[in-house]
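Order-wise, the sequence lines are chains A and B. Note that UniProt numbering has the first sequence beginning at 1, numbered continuously upward. Note that UniProt numbering has the second sequence beginning at 1, numbered continuously upward.
One should not assume that every hint holds.
Said to hold, decoys possible - Here are a few chain A residues that sit away from chain B, every Cβ distance over 12 angstroms (derived from the structure):
#1 Gln166
#2 Glu236
#3 Ala406
To be verified - Listed next, the in silico SDA-like pairs over lysine to any residue satisfying Cα-Cα at most 20 angstroms (straight line):
#4 A:Lys430 with B:Ile463
#5 A:Lys430 with B:Lys182
#6 A:Lys126 with A:His155
#7 A:Lys31 with B:Lys342
#8 A:Lys110 with B:Pro350
#9 B:Lys240 with B:Arg416
#10 B:Lys42 with A:Gly426
Honestly, the hints are just simulated from the structure, not real lab data. Ideal placement from N, C-alpha and C gives every residue a C-beta, glycine not left out.
There are 2 protein chains.
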Amino acid sequence: MSNNNNDNLIIEKLFKPKSIAVVGASRNLEKIGGVILSNLVKNKFNGKIYAVNPSAKEILGVPSYPSLLDIPDEVEHIVVAIPAEKVPEIIEEAGKKGVKVATIIASGFKEVGRADLEEKVVNIAKKYGIRILGPNVFGVVYTPMNLNATFGAEHIHKGKIAFLTQSGALGIALMHWTSMEKIGLSSIVSMGNMTDIDAIDLAKFFEKDENTKVIGLYLEGLGTGKGHEFIEVFSEITKKKPVIALKAGRSERGTRAVASHTGSLAGSDAVYDSALKQAGVLRASDVEQLFNWAKMMAFSESFEINGKGFVIITNGGGMGVMATDASEFNGLPLLEVPEELKKEFRKTMPWFGSPNNPVDLTGQSNVQNYIEAIKVALESELVSGITVMYGEVAFLDPVELANGIAKTLKEYNKSRKPVNVVMLGGEKTKMGTEILEENGVPVYPIPEKAISSMAALYKYSKIIGKANLKI
Amino acid sequence: MSNNNNDNLIIEKLFKPKSIAVVGASRNLEKIGGVILSNLVKNKFNGKIYAVNPSAKEILGVPSYPSLLDIPDEVEHIVVAIPAEKVPEIIEEAGKKGVKVATIIASGFKEVGRADLEEKVVNIAKKYGIRILGPNVFGVVYTPMNLNATFGAEHIHKGKIAFLTQSGALGIALMHWTSMEKIGLSSIVSMGNMTDIDAIDLAKFFEKDENTKVIGLYLEGLGTGKGHEFIEVFSEITKKKPVIALKAGRSERGTRAVASHTGSLAGSDAVYDSALKQAGVLRASDVEQLFNWAKMMAFSESFEINGKGFVIITNGGGMGVMATDASEFNGLPLLEVPEELKKEFRKTMPWFGSPNNPVDLTGQSNVQNYIEAIKVALESELVSGITVMYGEVAFLDPVELANGIAKTLKEYNKSRKPVNVVMLGGEKTKMGTEILEENGVPVYPIPEKAISSMAALYKYSKIIGKANLKI
Numbered sequence: 001m002s003n004n005n006n007d008n009l010i011i012e013k014l015f016k017p018k019s020i021a022v023v024g025a026s027r028n029l030e031k032i033g034g035v036i037l038s039n040l041v042k043n044k045f046n047g048k049i050y051a052v053n054p055s056a057k058e059i060l061g062v063p064s065y066p067s068l069l070d071i072p073d074e075v076e077h078i079v080v081a082i083p084a085e086k087v088p089e090i091i092e093e094a095g096k097k098g099v100k101v102a103t104i105i106a107s108g109f110k111e112v113g114r115a116d117l118e119e120k121v122v123n124i125a126k127k128y129g130i131r132i133l134g135p136n137v138f139g140v141v142y143t144p145m146n147l148n149a150t151f152g153a154e155h156i157h158k159g160k161i162a163f164l165t166q167s168g169a170l171g172i173a174l175m176h177w178t179s180m181e182k183i184g185l186s187s188i189v190s191m192g193n194m195t196d197i198d199a200i201d202l203a204k205f206f207e208k209d210e211n212t213k214v215i216g217l218y219l220e221g222l223g224t225g226k227g228h229e230f231i232e233v234f235s236e237i238t239k240k241k242p243v244i245a246l247k248a249g250r251s252e253r254g255t256r257a258v259a260s261h262t263g264s265l266a267g268s269d270a271v272y273d274s275a276l277k278q279a280g281v282l283r284a285s286d287v288e289q290l291f292n293w294a295k296m297m298a299f300s301e302s303f304e305i306n307g308k309g310f311v312i313i314t315n316g317g318g319m320g321v322m323a324t325d326a327s328e329f330n331g332l333p334l335l336e337v338p339e340e341l342k343k344e345f346r347k348t349m350p351w352f353g354s355p356n357n358p359v360d361l362t363g364q365s366n367v368q369n370y371i372e373a374i375k376v377a378l379e380s381e382l383v384s385g386i387t388v389m390y391g392e393v394a395f396l397d398p399v400e401l402a403n404g405i406a407k408t409l410k411e412y413n414k415s416r417k418p419v420n421v422v423m424l425g426g427e428k429t430k431m432g433t434e435i436l437e438e439n440g441v442p443v444y445p446i447p448e449k450a451i452s453s454m455a456a457l458y459k460y461s462k463i464i465g466k467a468n469l470k471i
Numbered sequence: 001m002s003n004n005n006n007d008n009l010i011i012e013k014l015f016k017p018k019s020i021a022v023v024g025a026s027r028n029l030e031k032i033g034g035v036i037l038s039n040l041v042k043n044k045f046n047g048k049i050y051a052v053n054p055s056a057k058e059i060l061g062v063p064s065y066p067s068l069l070d071i072p073d074e075v076e077h078i079v080v081a082i083p084a085e086k087v088p089e090i091i092e093e094a095g096k097k098g099v100k101v102a103t104i105i106a107s108g109f110k111e112v113g114r115a116d117l118e119e120k121v122v123n124i125a126k127k128y129g130i131r132i133l134g135p136n137v138f139g140v141v142y143t144p145m146n147l148n149a150t151f152g153a154e155h156i157h158k159g160k161i162a163f164l165t166q167s168g169a170l171g172i173a174l175m176h177w178t179s180m181e182k183i184g185l186s187s188i189v190s191m192g193n194m195t196d197i198d199a200i201d202l203a204k205f206f207e208k209d210e211n212t213k214v215i216g217l218y219l220e221g222l223g224t225g226k227g228h229e230f231i232e233v234f235s236e237i238t239k240k241k242p243v244i245a246l247k248a249g250r251s252e253r254g255t256r257a258v259a260s261h262t263g264s265l266a267g268s269d270a271v272y273d274s275a276l277k278q279a280g281v282l283r284a285s286d287v288e289q290l291f292n293w294a295k296m297m298a299f300s301e302s303f304e305i306n307g308k309g310f311v312i313i314t315n316g317g318g319m320g321v322m323a324t325d326a327s328e329f330n331g332l333p334l335l336e337v338p339e340e341l342k343k344e345f346r347k348t349m350p351w352f353g354s355p356n357n358p359v360d361l362t363g364q365s366n367v368q369n370y371i372e373a374i375k376v377a378l379e380s381e382l383v384s385g386i387t388v389m390y391g392e393v394a395f396l397d398p399v400e401l402a403n404g405i406a407k408t409l410k411e412y413n414k415s416r417k418p419v420n421v422v423m424l425g426g427e428k429t430k431m432g433t434e435i436l437e438e439n440g441v442p443v444y445p446i447p448e449k450a451i452s453s454m455a456a457l458y459k460y461s462k463i464i465g466k467a468n469l470k471i
């Protein structure tokens, strides 16, 4: 909302407060204030935690006070988990206490026609210089500080993706989903009504945050008159970090659904599409794709792309064809392998394999074939990036293969080429997938998703002018 | 390849032989003949099993003989797991033995330039009236008979989907994947070089097979001059059962990759696309989508669709918008909910919910809200089908919800409306997913996949003239 440095410092307190207080804390885990406090405590937040509750002296080991003003310490960030009607009073108290930022969980404001109540809260906050996240949010997560001030999932898988969401239910569901899928997050922020802190403010924080490599955004609308600022700010951010947006309300009827959901004037999708493009923001078509792309970006060490085209290495011709189709549809240029390089690839495979691109090691290949073929691709200046594909077969153990690929990439990927892997199979293959991802190699279950993610990285490389392909 | 009834009876022996012999059986599980025998034994094939091995008297409890001719019993189906050069000799023996059908596992034929050897095998087989699957295949699975005559995954999840694949490596990987994902198969067949038995022959079997509700097809090419027959045969099959094809080689470069992989003259994709459309075959864009759609078809009790449009029930506005977008993009007509029905929906939700379509029960809904809303949708004649969506939240247990939805559908879905469910969340949600699928309700992880699958069902209903929507 505002550009000055002081405000940026204050927003930092949302993620890195020295102390946080849960107003409406409870020992009842069926209450929102109970879950938030429990998530803070169980995640071992790297700061002080206080509870505000009219009657308790201590909840879950956390000291509890009847009011904010009773806390015998500075409080930088409060999470307000009480009914909407009582929020203005608490913000008044927070002002007196010198609180910097308030996350207002309660719904019952603008989204249900109570713009008056929301305005009242905003005016009090302004008077004291308090920044507000919300209202109508599930809270905020910032894993580098072990901060989980949400009533969402308790466990978060740590990583480099920051995800900002305008839909609360979606965000909570995705907290659970990313944890299960072991997709690593630096942060997840519920933006709710965006009465003060909005996507622009938050993205500015993540632009500088060294714990975040890629920003994901679920948007339904920007707020009236925000388009120009969005383009301006995000154009700068995307020069430093990839931003991937899922803008819902793309269809005519979807636009109407947005209006009924958030009350945002959704505006025509063409306008958003053009704004996102101008700002250098990549646009995903569903949440799974958003996280597929984000994983690729988060695991990549460089966005500089050289050479003359991408190479696919596979143990199955069918998967090779699928990847080839996907490359063309996603605008990923495949290398035309010259004779000399073909000779090199041929040495890595059974005699009936194919050194063309896709490089087909055949279903009878072994770990050594993969390692050798990957080395050839890594060492050739012609190769821009590599997608390695494995379809589970009886005679090639996916766990051994995963270890082999991870080791080879660590030792030989000196030029930091983008590499991703397809692992299509069952339980054993899933174990291989986990080994690769623990080693920083992004893995996808089918060729199309790997290629789409590689193409997204290539697209981002072009956006920031780091793609130097000689095609 | 041939149309007469006798041939159809013989192809039945591929799936339902009274006895099967593995030629090249071994106790060494690092050999193909070892894995095939082991898979047959461990799956407890409902028929007799014999091994052919020069030295053993018994392998894995199965009686073993030096030659086919030594087996003191009729043998209907042989699986030939010996090197290509020795195959003609075995087929000659099989002819003398009166074998009906031979699955030839070995590669080393047409696909590597040895069309001469393949022709030799075909000629011997013709002489004796033996039908051939392959060569260059991983085998055949038919779960109603507990037949797993492959060197692929040992465990198969039983169900109603038959999957025919021209790519071996892909097929084996998908055996593992479908088992892990609990996608139920009646059969999986590796088609390899299709020197005799081809997709058309196999599909004719599944057309009549009462254990199969939907046929999935991974195709790279049909074989020269087969287009007309394909359209003719599949036009009949699709009147009875949905067929979903993934035709790879869609792009210009993909077409070239097919040629190098199978040696098929791939032909232009437009030609295939038109043939598939004429034949009433649905075309998926990747294997995951193929199985998503197939699952929807396999679980549906009826393909008749009435009413005035589909309804989405959700606990999150964001997911509702995504589903709305997907409906428009996939041609799935959503119901404009009339005032009277809105009143009914309103009774099922908190006051701040929305009775429009998507019907938004809000993040504060409980199991009872879902049950009541689903009942309203099931009981309204206006509703053509229902997508129920759940994003994991702290205060609504997905397992309880899954049980509630399953029970409600069992009791109240008298008109057999198509219903599917989105379950987006973590481990607990996954448990809910499994409960629903065990109860015959297809579940998807994100809105777009559920809507795409519902739209595929609607499209099939239109193809067979059973969609009576009054829009």
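Okay, the hints, checked on the actual structure:
A Cβ of chain B approaches the Cβ of glutamine 166 of chain A within 12 angstroms, the least distance being about 7 angstroms, so the stated non-interface status is violated. Against chain B, the non-interface label of glutamate 236 of chain A holds: every CB pair exceeds 12 angstroms, the least being about 27 angstroms. Residue-level check passed: alanine 406 of chain A sits 20 angstroms from the nearest beta carbon of chain B, beyond 12 angstroms. The suggested pairing of lysine 430 of chain A with isoleucine 463 of chain B is violated, with an alpha-carbon distance near 38 angstroms, which exceeds 20 angstroms.
Simply put, lysine 430 of chain A and lysine 182 of chain B have alpha-carbon atoms about 15 angstroms apart, close enough for the 20 angstroms limit, and the pair holds. Of the pairs offered as hints, the one joining lysine 126 of chain A and histidine 155 of chain A is violated, with about 34 angstroms between alpha carbons and a cut-off of 20 angstroms exceeded. For the suggested pair lysine 31 of chain A and lysine 342 of chain B, the alpha carbons sit about 31 angstroms apart, so the restraint of at most 20 angstroms is broken. With a CA separation close to 17 angstroms, the supplied pair lysine 110 of chain A and proline 350 of chain B stays within the 20 angstroms bound.
Pair hint lysine 240 of chain B plus arginine 416 of chain B holds up; C-alpha atoms about 18 angstroms apart against a cutoff of 20 angstroms. With a CA separation close to 18 angstroms, the supplied pair lysine 42 of chain B and glycine 426 of chain A stays within the 20 angstroms bound.
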